[in-house]
Amino acid sequence: MQTPKKIAITGSGLVGSLLAIYLRKKGHQVDVFDRRPDIRTMEFSGRSINLAMSTRGWKALENIGMAEPIKQIAIAMDKRAIHTKGKPMYFQHYGNEGEAIYSISRGILNKRMIDLAEDAGVNFIFNTKVWDVSLPEAILYTGETEKGEWEAHQYDMVFGADGAFSRIRHKMQRRSMFNYSQHFLNTGYKELSIPPNEDGTHKLNKNSLHIWPRGEFMLIALPNLDGSFTCTLFMPFEGENSFESLNTEAKVEEFFTAHFENVMEDIPNLIKDFFKNPTSFLVTVKCEPWTYWNKVALIGDAAHAIVPFYGQGMNAGFEDITVLSEFMEMYGDDWERIFSEYEKSRKPNADAIAELSYRNFMEMSSKTADENFLLRKKIEKHFSNKYPDRWVPLYSRVTFSNNPYKEALEIGDFQKKIMDEVMAMENIHEKWDSEEVENKILEKLSK
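Heads up, the final residue of the sequence shown is numbered 447 in the working numbering, and it's a clean run with no missing numbers.
Since the hints were made in silico from the structure, they are not lab data. Owing to the predicted nature of the structure, the values given are computational and were not obtained by experimental measurement. Cβ coordinates follow ideal geometry from the N, Cα and C atoms, glycine included. Watch out, some of these pointers could steer you wrong.
Claimed, not checked - No more than 30 angstroms apart at the CA atoms, straight line, and that leaves these computed lysine-lysine pairs for BS3-like:
no.: 1; residue 1: Lys447; residue 2: Lys386
no.: 2; residue 1: Lys85; residue 2: Lys386
no.: 3; residue 1: Lys444; residue 2: Lys85
no.: 4; residue 1: Lys444; residue 2: Lys386
no.: 5; residue 1: Lys71; residue 2: Lys206
Said to hold, decoys possible - Between beta-carbon pairs, the in silico distance windows are:
no.: 6; residue 1: Lys344; residue 2: Thr248; range: 23 to 29 angstroms
no.: 7; residue 1: Lys25; residue 2: Pro136; range: 49 to 55 angstroms
no.: 8; residue 1: Lys440; residue 2: Pro278; range: 47 to 53 angstroms
no.: 9; residue 1: Asp413; residue 2: Lys381; range: 34 to 40 angstroms
no.: 10; residue 1: Glu253; residue 2: Glu336; range: 31 to 37 angstroms
no.: 11; residue 1: Glu336; residue 2: Phe184; range: 43 to 49 angstroms
no.: 12; residue 1: Pro278; residue 2: Pro348; range: 31 to 37 angstroms
no.: 13; residue 1: Pro348; residue 2: Tyr90; range: 23 to 29 angstroms
no.: 14; residue 1: Asn123; residue 2: Lys447; range: 22 to 28 angstroms
no.: 15; residue 1: Glu249; residue 2: Ile125; range: 26 to 32 angstroms
no.: 16; residue 1: Leu375; residue 2: Gly332; range: 51 to 57 angstroms
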């Protein structure tokens, strides 16, 4: 057992809310500050990429008995539905039988988790801007404006769960020996929507993550409980096919007719939503250290924001909490060691999933429609089914396992070298499932 502490969390998002529940269940007093209004009192739309909950996220919820209530607001997606131009739609199954990722509305999930946190005794303080933190003393300073009068709030420790542009991390960055980098993609995103049929059913297959891959840009769609789909258009900010170039209603209609004609009729509010909803950016944030003594720690996007193309942003943040909790159980009141071991464990894995997420953007936008890529995946699946103890595909290691992301990256790179050699074999398209190919993979795995 730990001695109860007075703990502040900045940020009432998914990671902040779940962390608050974990800390309350361990007997701590928890205040959560957020500069925004209570999300439960406002409409949440316009700039959301639906979440894809997978094994790591479910583990964090299962640990505190929250998995079942959350599954009630989720839809299982066991495959990708690929919509290529000029060809029939086809499916790519994610994993083995019964393995799926789960589509969850970010807004609905966040509201539910704040409710569960309040039920656990967490105190939320909304519409309150945190401008500064005293790292050695764990004092938060709030106020109406950055230059105005501030109020001091004394805590035993502070967690920064306030996102990619964290105010807590901003203060930590002013220290010497603090490393920080941010990298923006030249690709942004915009939310669109496919409404349900009149009878409330889904217009597209509801148990799939739909992708319209078009090279430098793509459209994806994830199902919602009400029969709708949340769509996200990813494309460059500038250039021939870009958000900058789509600056009139006529150009938007012409662009969608040329590239997404088969889904245009399913997006009746296309023009209105395109110009109403903001164009958002995608950023990768890396930093170290994540902690200051036994007083302050970063968690989730505040420590390691990643691009969304592996669907692991929330899952990685939830896994932070799982690991932190394990060290809390292990080291009791030695918070300095808890923080140190938490950072040492999570930092390499956060860097690994950042790299994997960036790579998966290329896979989703272009390779999913490439015949050689499809054959490559077919060979991997065939071999994996025959030798499940010898070959677990990279996607499964990341999505359907709790093994370290760093390990998945390293093994994935090793498997890629093997598959590069396999794909270079003469007449591979004809003999992909032959004993010769199988023996070549086994030989390479044995070295």
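Going through the hints against the structure:
1. Lys447 to Lys386: The given pair, whose Cα atoms are some 20 angstroms apart, holds under the 30 angstroms limit.
2. Lys85 to Lys386: violated (33 angstroms)
3. Lys444 to Lys85: violated (37 angstroms)
4. Lys444 to Lys386: holds (16 angstroms)
5. Lys71 to Lys206: holds (15 angstroms)
6. Lys344 to Thr248: 23 to 29 angstroms: For Lys344 and Thr248 the Cβ distance comes to about 53 angstroms; the hint is violated.
7. Lys25 to Pro136: 49 to 55 angstroms: violated (28 angstroms)
8. Lys440 to Pro278: 47 to 53 angstroms: holds (50 angstroms)
9. Asp413 to Lys381: 34 to 40 angstroms: violated (19 angstroms)
10. Glu253 to Glu336: 31 to 37 angstroms: violated (59 angstroms)
11. Glu336 to Phe184: 43 to 49 angstroms: The hint (43 to 49 angstroms, Cβ to Cβ) is violated, given that Glu336 and Phe184 are roughly 35 angstroms apart.
12. Pro278 to Pro348: 31 to 37 angstroms: holds (34 angstroms)
13. Pro348 to Tyr90: 23 to 29 angstroms: violated (37 angstroms)
14. Asn123 to Lys447: 22 to 28 angstroms: Distance hint for Asn123, Lys447 is violated at roughly 58 angstroms.
15. Glu249 to Ile125: 26 to 32 angstroms: Given a distance of about 43 angstroms, which is not inside 26 to 32 angstroms, the answer is violated.
16. Leu375 to Gly332: 51 to 57 angstroms: At 53 angstroms between Cβs, range holds.
Comparing the model with each numbered hint stated earlier shows that hints 2, 3, 6, 7, 9, 10, 11, 13, 14, 15 do not hold.
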